[in-house]
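Input sequences plus hints: build the corresponding full structure.
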Amino acid sequence: MSNPLLSLIDIDYPLIQAPMAGVSTPALAAAVSHAGALGSLGLGASTVAQAEAMIVATRQLTDRPFNVNLFCHAPPRRDARREADWATTLRPHFARYGSTPPDSLSEIYQTFIGHAPMLELLLDLSPAVVSFHFGLPERETIQRLRQQGIVTLATATSLQEALLIEQQGIDVVVAQGYEAGGHRGIFAPQEPDAQLSTFTLVQLLRRRLTIPVVAAGGIMDGAGITSVMQLGAQGVQLGTAFLLCPESAADAGYRAAINNSIDGRTVLTSAISGRPARCLANAFCALGEACPASAVPDYPLAYDIGKALAAAAKAQGVHEYGAHWAGQGVGLIRECDAASLVRQLAAECGWN
397 MSNPLLSLID
407 IDYPLIQAPM
417 AGVSTPALAA
427 AVSHAGALGS
437 LGLGASTVAQ
447 AEAMIVATRQ
457 LTDRPFNVNL
467 FCHAPPRRDA
477 RREADWATTL
487 RPHFARYGST
497 PPDSLSEIYQ
507 TFIGHAPMLE
517 LLLDLSPAVV
527 SFHFGLPERE
537 TIQRLRQQGI
547 VTLATATSLQ
557 EALLIEQQGI
567 DVVVAQGYEA
577 GGHRGIFAPQ
587 EPDAQLSTFT
597 LVQLLRRRLT
607 IPVVAAGGIM
617 DGAGITSVMQ
627 LGAQGVQLGT
637 AFLLCPESAA
647 DAGYRAAINN
657 SIDGRTVLTS
667 AISGRPARCL
677 ANAFCALGEA
687 CPASAVPDYP
697 LAYDIGKALA
707 AAAKAQGVHE
717 YGAHWAGQGV
727 GLIRECDAAS
737 LVRQLAAECG
747 WN
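In short: position in the sequence shown from 1, add 396, done, that's the working numbering.
Just so you know, these hints were derived from the structure itself, not from any lab. Hints should not be assumed to be uniformly reliable.
[What the hints assert, rightly or not] Calculated cross-link-like contacts (lysine to any residue; reagent style SDA-like; alpha-carbon spacing at most 20 Å): (1) 710 with 483; (2) 710 with 679; (3) 703 with 715; (4) 703 with 491; (5) 703 with 432; (6) 710 with 651; (7) 703 with 683; (8) 703 with 499; (9) 710 with 682; (10) 710 with 489; (11) 703 with 651.
As structure tokens, then:
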């Protein structure tokens, strides 16, 4: 197979397991990479120590390349009134499970922008691939990673974001369509979202960019992979497809929600985390649909209280407030181990 992504990253198949923070594990990333695709670790929610432990653990399981993903979100705008009002809105839901909202909201995840200790860790451990979501780090950071021989990827949800990604020297752009599960990679969530489908975005970026384009969003099987590659994508990124793998960290409630989602209905909501993300329809999504997005504190402040509510409900055996991220293709999910899924996808695409 002749494909620039294969030689650039040294993988057998142009297939990336999406770096789903909280779900991706060293076992999942290693299994995918060992099977010939590119496994990923979602480290946007990790401290430096946690990130180091996960990278080291993955290296112990495979000598194949894998991807490390960081969040490049803008620092949240603090608004004491909005944060207090949101806590008031959620208070009845906390009370239902014998709990109360936190007294104040914390910035639970640090952005990679300006995060010198995390950069030094990456330069020291030198993973094969480093990718960015929600934006880009400083140009100097990108240059230092590339000088280390690290391949860089970044998510774009629009042509404007993709052009900036190329201008800043990133090697590969991930074209995230509106169908994708989890957080939209949109750089400025306060701005209007073009909501482009994977089908449209891939063609738009291939027409205007010179760097490889990886398609992401709604892709679950060989037919989907073949379709987007015929549109010009040089690779694909799948996340939802790997959620039911035994190597995934999705808990029992998450897995049950997937299996019980007969029609695969998903909702794009900012209520859970403060940033738009596609989730299986649940009580938290319904709550968000009843409130304007402007009422929700910025990411990751809203995620602090959102996680607290999910934990309170979960302690009572209720999983209706969990961040059960999933793409629109969730109804096509298959339950098998990660290596078997990679092999099956490769066979469906005729790559073997």
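Hint by hint, here is what the structure shows:
Distance restraint check for residue 710 and residue 483: the Cα-Cα separation of roughly 19 Å lies within the 20 Å cut-off, and the hinted pair is therefore satisfied. Straight-line distance between C-alpha atoms of residue 710 and residue 679 comes to about 13 Å, which keeps the hinted pair within the 20 Å bound. The straight-line distance between the Cα atoms of residue 703 and residue 715 is roughly 12 Å, inside the 20 Å bound, and the hint therefore holds. Between residue 703 and residue 491, the direct Cα distance comes to roughly 15 Å. Compliance with the 20 Å bound is thereby established for this hinted pair.
Note on residue 703 and residue 432: the hinted pairing is violated, with a Cα-Cα distance of about 35 Å set against a maximum of 20 Å. Simply put, residue 710 and residue 651 have alpha-carbon atoms about 14 Å apart, close enough for the 20 Å limit, and the pair holds. Proposed proximity of residue 703 and residue 683 is supported: the alpha carbons are some 15 Å apart, at most 20 Å. For a cut-off of 20 Å, the pair hint linking residue 703 to residue 499 stands: about 14 Å separates their Cα positions.
Distance check on the hinted pair: residue 710 and residue 682 sit about 18 Å apart at the alpha-carbon level, within 20 Å; holds. Distance restraint check for residue 710 and residue 489: the Cα-Cα separation of roughly 12 Å lies within the 20 Å cut-off, and the hinted pair is therefore satisfied. This hinted pair checks out: residue 703 and residue 651 have alpha carbons roughly 18 Å apart, not beyond 20 Å.
Of the numbered hints listed earlier, the single one contradicted by the structure is hint 5.
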